[in-house]
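Engineer: One-letter residues, chain by chain:
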Amino acid sequence: GESVGLHLPTLSVQEGDNSIINCAYSNSASDYFIWYKQESGKGPQFIIDIRSNMDKRQGQRVTVLLNKTVKHLSLQIAATQPGDSAVYFCAENIQGAQKLVFGQGTRLTINP
Amino acid sequence: DAGITQSPRHKVTETGTPVTLRCHQTENHRYMYWYRQDPGHGLRLIHYSYGVKDTDKGEVSDGYSVSRSKTEDFLLTLESATSSQTSVYFCAISAGQGVYGYTFGSGTRLTVV
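As you go down the protein sequences, you meet chains V and L in turn.
Going letter by letter, the first sequence gives residues 21 to 132 in my numbering.
Going letter by letter, the second sequence gives residues 5 to 117 in my numbering.
Each statement offered as a hint is correct.
Here are the computed distance ranges between Cβ atoms for each label pair:
| id | chain 1 | residue 1 | chain 2 | residue 2 | range |
| --- | --- | --- | --- | --- | --- |
| 1 | V | 73 | L | 83 | 43 to 49 Å |
| 2 | L | 34 | V | 73 | 22 to 28 Å |
| 3 | L | 79 | V | 132 | 40 to 46 Å |
| 4 | L | 34 | V | 90 | 31 to 37 Å |
| 5 | L | 77 | V | 118 | 17 to 23 Å |
| 6 | V | 88 | L | 24 | 40 to 46 Å |
| 7 | L | 69 | V | 101 | 40 to 46 Å |
| 8 | L | 55 | V | 32 | 40 to 46 Å |
| 9 | V | 34 | L | 21 | 46 to 52 Å |
| 10 | V | 59 | L | 115 | 19 to 25 Å |
Calculated directly from the structure, the hints in this document are not laboratory data.
Being a predicted model, the structure only gives us computed values, none of them experimental.
For glycine and all other residues, C-beta sits at the position ideal for the given N, C-alpha and C.
The shape of chain V in the complex, shown without the other chains:
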């Protein structure tokens, strides 16, 4: 099975609140991690990435945190907006492999 998974399959938040989407991985040889967003009817889109020599990386309204001690990855979305509604996937690159391993995805819904 896949080594990347998610704690929650669905997440519902109020508009304007912060969202936190979690991901667990099991392969200590993973050296690169990516978060993707997939809107209905579209392909996954790159959001943000982080390398294993970092523990935090920020983008516009998004932050990725990496805790290698417990093999945990999270995506934080600040001031969640209706346009953030989507399925979010984490993916890991295992050092030496030629392909990413994807998690199952978390569906984020925004309540008005």
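We have chain V already, so just place chain L on it with the hints.
Structural biologist: Just chain L, lined up with the frame of chain V:
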């Protein structure tokens, strides 16, 4: 998506017929991938290519074949379509492993009746 196109976007075919899906890129990326996406299974890798004529199997390769005769095109063929191959198929490209992420196409929705 910029630099990667999939065709067709939608297709309905009958069981037992051959089907070819095409992925075309203009980014000159070395790596190309075919995934299928089904409810409850997420993205599953079918086949991938790491160069012209260089391909390898993914986790769900049975019933599928691929070809890459030039950098820009990666074809996925279902030799004899079955209902279990009804799915959304995504192509992805990457400039390198462990350095860059993937760029995905918009997908092909295939229905086998």
